Amino acid sequence: MKITRAQVERVAQLARLALSEVELDALTSDMDAILGYVDKLNELDTDHIVPTAHAVPLENAFRDDTARPSLGTDKALQNAPAASDGCFLVPKVIE
Amino acid sequence: MLSKYEVVIGLEVHAQLTTDTKIFCNCSTTFGNEPNSQTCPVCLGLPGALPVLNKKVVDYAIRTGLATECTIAPRSIFARKNYFYPDLPKGYQISQFELPICEHGRLDIETAEGSKTIGITRIHMEEDAGKLLHDSSEGSRVDLNRACTPLMEIVSEPDMRSADQAIAYLKKLHQIVVYLGVCDGNLEEGSFRCDANVSIRPWGQKEFGTRAELKNINSFRFIKQAIDYEVQRQADILEEGGRVIQETRLFDTASGTTRSMRSKEEANDYRYFPDPDLVPLLVSEEWIEQARLELPELPAAKIERFIKEYDIPRYDAEVLAAERANADYYDALVKLHGNGKLCSNWVMGEVQRALKDSDLAIGDCPVTPQMLAGMLGRIDDNTISGKIAKKVFDAMWQSGKDADTIIEEQELKQVTDLSAIEPAIDEILAANPGQVAEYRGGKDKLLGFFVGQVMKATKGKANPAALNELLKKKLAGE
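Residue numbers (my numbering), protein chains in the order written: chain A, 1 to 95; chain B, 1 to 478.
Accuracy of the hints is not assured; some may be wrong.
To be verified - Anything over 12 Å on all C-beta distances counts as not near chain B; from chain A, calculated: (1) Ser20; (2) Val22; (3) Asp25; (4) Leu27; (5) Asp30; (6) Met31; (7) Asp32; (8) His48; (9) Thr66; (10) Ser70.
Stated by the list, open to error - Facing chain A, from chain B, some residues (calculated, C-beta under 8 Å): (11) Asp20; (12) Phe31; (13) Pro35; (14) Thr39; (15) Asn54; (16) Lys55; (17) Leu132; (18) Ser136; (19) Leu282.
Simulated from the structure, these hints should not be mistaken for lab results. The structure displayed is predicted, hence computed values, not measured ones. In this text, a Cβ means the ideal position worked out from N, Cα and C, and glycines have one as well.
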């Protein structure tokens, strides 16, 4: 086994996914199969290969530090499930 | 009990950069506008929006790295730091993890314990989160104007061994980022924030103790309070045979204590990975050299130059160079006037006093270096005395007129040829026969009394040196 059910539960919790028992079982075996396949890569000698950070051969994409008009409060909140006084409204967060 | 343990402190500083726009979009970073008015699909985290790096942020990070003797990475990448919180619209913060832009720097600090070098582990660029408001009964309100504002996180090595060293490090770092102009340094508005990692260990032990991370410290004064409290708390735990647990603790400014945050975030696993939306950042040698050329003179160099070129004591140079605007004012003044020490006395004395009284920053000083140099010139050529100069200074401050105009309007030109006021002196001596007799009987101190009387009669315009001499003569009966 490459991955345990407990690990899948942990990852699901971190991603805030509520999975049923059936889904957990299915995902555990699917992910195990995927990782088993990825494991094949370990057969390659990658000691002198720089880790890939990006798949596209591009670098240095910049923007200038010049302000442009923003969306504005109304548009920004247009799709908010709940809003109050120009702000997104979320359940009370207590630190 | 504390002497049994050695204190170990490492600091993480978040400095908000003074760019006009956010780090990955062109929304303005202006503070204090209507909530969510400065947002766009990128900083709202809307699906499909693509972040593009603000070049000035990179420039500022390079400058800060150079000023703290860091190595600038020829290639660095951005990573996603994943966690859920309502002030983080995307569910991840774009930061740097592996391959940050600057590493292996240092900062030299001075404390009563002596000088010390504090290592800088790394400096990386990242975006700020939004702001949560807890003032409503309906729930928490989220303002994303601050989301995606550029930050530099500057991480020190655990090299500090006392709260004083931590404060010295922070002040030095604060001074540097403000000198560089990359951060406005406003602690109250949160432009310069500090988290402290604090642990203790028995003297001689090599391994570090378990550390607590102290958050929410927004003044230099609170740093000392928070660290001192935390050190005592950990020592108490160890003395009772307990174990310090690794956790994040919030400093409570009202009680001066720290308390565990006990939030679910403690179990965090950020699962950093390279952000596929952002391409690698390559910094060429030319770019670094260009940034090096554009670095302003930093405090340490300025202090040495002031001492050498302007011939002032180290104490003066340190006070003057503490703030860049102050140093620039002094520099301009000496270049116009020439006498380093006289200028230093005025900038540290009258100028600071007047600024404090009017609650102004030196940048808004109504008496420009040109005006002050003009007035100091009138002291040099004996037009006014040092004492009258203070009056002229205040008048310049109030009216914005130059010294010559004020001296003429208020007839403040000092009288060096005292023949004109001799009658007044004779009158004063005649009116105070008792004091004259006492003076002649050996009470030399009374000279000051006579000088005061004459100054009062002449509205302070008599040249003090000439007056002293004349009075002595007259009192001696010549």
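Exercise. Is the Cβ of Val22(A) farther than 12 Å from every Cβ of chain B?
Worked result: holds (25 Å)
Exercise. Per the stated criterion, does the least C-beta distance between Asp25(A) and chain B lie above 12 Å, as a non-interface residue requires?
Worked result: Its Cβ never comes within 12 Å of chain B, the nearest being 23 Å, so this holds.
Problem set entry | Interface hint compliance - Thr39(B) to chain A, C-beta minimum distance less than 8 Å | This interface hint holds because 5 Å falls under the 8 Å limit.
Exercise. Would the least Cβ to Cβ distance between His48(A) and chain B come out above 12 Å?
Worked result: holds (17 Å)
For this session: Using 8 Å as the Cβ threshold, decide whether Leu132(B) counts as touching chain A.
Result: holds (6 Å)
Exercise. Against chain B, does Ser20(A) keep a CB gap of more than 12 Å to every residue?
Worked result: For Ser20(A), whose nearest Cβ neighbour in chain B is about 21 Å away, the distance exceeds 12 Å, so it holds.
Exercise. Does the claim that Met31(A) lies off the interface hold, with its Cβ farther than 12 Å from every Cβ of chain B?
Worked result: The claim holds: Met31(A) sits with its nearest Cβ about 15 Å from chain B, beyond 12 Å.
Problem set entry | Nearest-CB test (12 Å) between chain B and Ser70(A) | Answer for Ser70(A): violated, closest chain B Cβ roughly 5 Å.
Exercise. Once the shortest beta carbon distance from Phe31(B) to chain A is found, is it less than 8 Å?
Worked result: Violated, because the Cβ-Cβ distance from Phe31(B) to chain A comes to roughly 13 Å (cut-off 8 Å).
Problem set entry | Hint check, Leu282(B) versus chain A [nearest Cβ-Cβ separation less than 8 Å] | OK, holds: Leu282(B) within 8 Å of chain A, min 5 Å.
Exercise. Is it the case that Thr66(A) keeps its Cβ farther than 12 Å from each residue Cβ in chain B?
Worked result: violated (6 Å)
Exercise. Holds or violated: Pro35(B) as interface residue toward chain A, Cβ cutoff 8 Å?
Worked result: holds (4 Å)
The structure shown violates the earlier hints numbered 9, 10 and 12.
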